[in-house]
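Following the hints, complete the assembly by docking chain W onto the known chain D.
What follows is the residue order along each chain.
Number of protein chains: 2
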Amino acid sequence: MRVSVEFLPRGSYPDIVLLVDVLRASTSIALLFERGAREVWVTPSLRLARELEADLALGEREGIPPEGFFGSTSPSEILEMDLSGKRVVYTSENLPGALRAVKEAPRVYLAAFVNARAAVETALRAAREAVTVVAAGHRGREALDDALAAGFLAKKLLRAKPEAVPDDGARIASALLKAYPDPQEALWASESGQLLVSRGFTEDLAQASVIGRTSRVPLLAGYREVRGQPVFTLVADEPA
Amino acid sequence: MRVSVEFLPRGSYPDIVLLVDVLRASTSIALLFERGAREVWVTPSLRLARELEADLALGEREGIPPEGFFGSTSPSEILEMDLSGKRVVYTSENLPGALRAVKEAPRVYLAAFVNARAAVETALRAAREAVTVVAAGHRGREALDDALAAGFLAKKLLRAKPEAVPDDGARIASALLKAYPDPQEALWASESGQLLVSRGFTEDLAQASVIGRTSRVPLLAGYREVRGQPVFTLVADEPA
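So the protein sequences, as listed, match chains D and W.
So that you can map any letter, position 40 of the first sequence is 158 in our numbering, and since no number is skipped, the others follow by simple counting.
So that you can map any letter, position 55 of the second sequence is 173 in our numbering, and since no number is skipped, the others follow by simple counting.
Chain D on its own, in the form it takes in the complex (with noise of 0.2 angstroms):
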C-alpha cells in the first residue's frame, strides 16, 4: 500500500482518490450529507446553478446568495439547513477544477477536517493498493489549509496502516503538523482563510477545522456537460 500526497492535482491515478479543499467545499458538501443531503452536483456556473433541476442551490456572488438561492456555501449555514432527502447544487468556483483533473482515478471522495477520520476508513476499505490524497488548492496554486488537512489524512493513514510507503509528498504535508499542530492557526494564515474573513465568513474558519463531526464521505458518482459546464455528480458513503 503506498499513502502519496500531491499539493496541487496531477492528474494520473491508480487508485483512490481523497480530493482535500478545506475552505471550503470538501468541508461543506460532507456537511450538506450529515444535513441530510440525497445528492450534490457540483458547478462553477452560477447561472447554470440556477437552472439544473434540483432541489435546490446554493452559492454566492461576492459573499451573497444570488437571486433563486436557498443560501450560501458556508459550512455555518449548512449546518443550520434540514436537507433531508434534497438534492442540491453546489457552486464553487474552485473544486470544479479540481474534479476534472482527479476524475479518471477508479475512486474519488472528497475529504477535510470534518469527515477525516470517515474518509480514511472509507478510502482504506476501498484501496487496492494506494491511496492518494490531492490539495485541492486556491486557484491553481498551493494552498497552506489543504496541505495541513492532507497531511492530516496522510498521518492517519499511515498510523492505520504501518506497513504502508509515504512518498515524499506525503513526508512533507505530515511535516507541518509539527509547525501547525492547531489547524485553526493555518486556516486563519492561508490566502483562502483572509479571503473568507474579509467577506464576513469568518466563523467558517472554526467550522472547517473540526475534526470528525460528520462520518459522510462524499464519493464521486457522476459527470456531465451542461451547456459546455461541468456538472459533477456526488453522493455519500460512508466506513461500513
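Keep in mind that the hints were calculated from the coordinates and are not lab data.
These numbers were taken from a predicted model, which means no experiment stands behind them.
A portion of the hints provided could be inaccurate.
In this list, chains with the same sequence are indistinguishable; a pair is considered to hold if it fits within one copy or across any two.
[Unchecked claim] Subject to a maximum C-alpha distance of 30 angstroms in a straight line, what follows is the list of computed DSSO-like cross-link-like pairs (lysine-lysine):
id, residue 1, residue 2
1, 296, 279
2, 221, 279
3, 221, 273
4, 273, 296
5, 221, 204
6, 204, 273
Structure of chain W alone, referenced to chain D:
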C-alpha cells in the same frame, strides 16, 4: 515584494526564479563554479554530452561515469576537481525538465543549501517585484529535499525583506523547517536521498546539506536545441 514557493515548476513567472534541485544538480553546479568552471552546459543526454565541444563532461550511468566522461555529477567528487576556466557539460535527468519549465522567467538562478546566502542576496539585488522559489521535484513529483531547501530560502528572503509578502507555498515550505531543523535528516528521508544512498553516493547527502559553502550562484544565460535535445548554458553570478 512577493516571496512565493512552488513545489513543482508550473511555468509562469513575473520576475526572479530560484530553481532548487538539491540532490544534486543545483548543489553540484554551484560547486562547479566554486571550483573555477567558466560555463556549464546542462543536457539530459549522455550521448549528446559526449559530442558537445566543451572541455569536459560529467555524467553517470547507474552511478558510474561512462567512457569518455571526466567524472560523475557527485558534489563530493566535484569538490576535488580543478576546473579553472573550463567549459563543463553536466548531464542530469531531472534538471533539464525543470529548467525548461522556468526558462521564460526574466531571470533564473540555481539555488541550494551550499549557496543559500549568496543566492538570496543575488536574487534580492536583481528583484523588481517578486522572487519565486521553485522546487524542481523528482521525476515530476514533489521532493522533500527540494521543498525543505525552498523553505530555507524563503525564510531567508523574508528575513532580509520583512515587508515582503509570502504566499501559501512559502508558508508551507517555511513550516517544514520546524520538522527538520537539520537539513541532512530530510535529505536522508527523501526519495532522492535514498536513491543516491543505494548507488553509493552517501557522502553527497552530507555535502549537499552544508549551508553557504560557496558564493557562486549559477545564472541561466542561454538555451539551444541540439539534435532535438535541450542544452542550457549557465554562468556564475555572485553578490556584489
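Here is what the structure says about each hint:
no.: 1; hint: 296 with 279; in the structure: both (21 angstroms within a copy, 26 angstroms between copies)
no.: 2; hint: 221 with 279; in the structure: within (25 angstroms within a copy, 42 angstroms between copies)
no.: 3; hint: 221 with 273; in the structure: within (24 angstroms within a copy, 36 angstroms between copies)
no.: 4; hint: 273 with 296; in the structure: both (12 angstroms within a copy, 17 angstroms between copies)
no.: 5; hint: 221 with 204; in the structure: within (24 angstroms within a copy, 51 angstroms between copies)
no.: 6; hint: 204 with 273; in the structure: neither (34 angstroms within a copy, 48 angstroms between copies)
Violation of the numbered hints given earlier is confined to hint 6; every other hint is satisfied by the structure.
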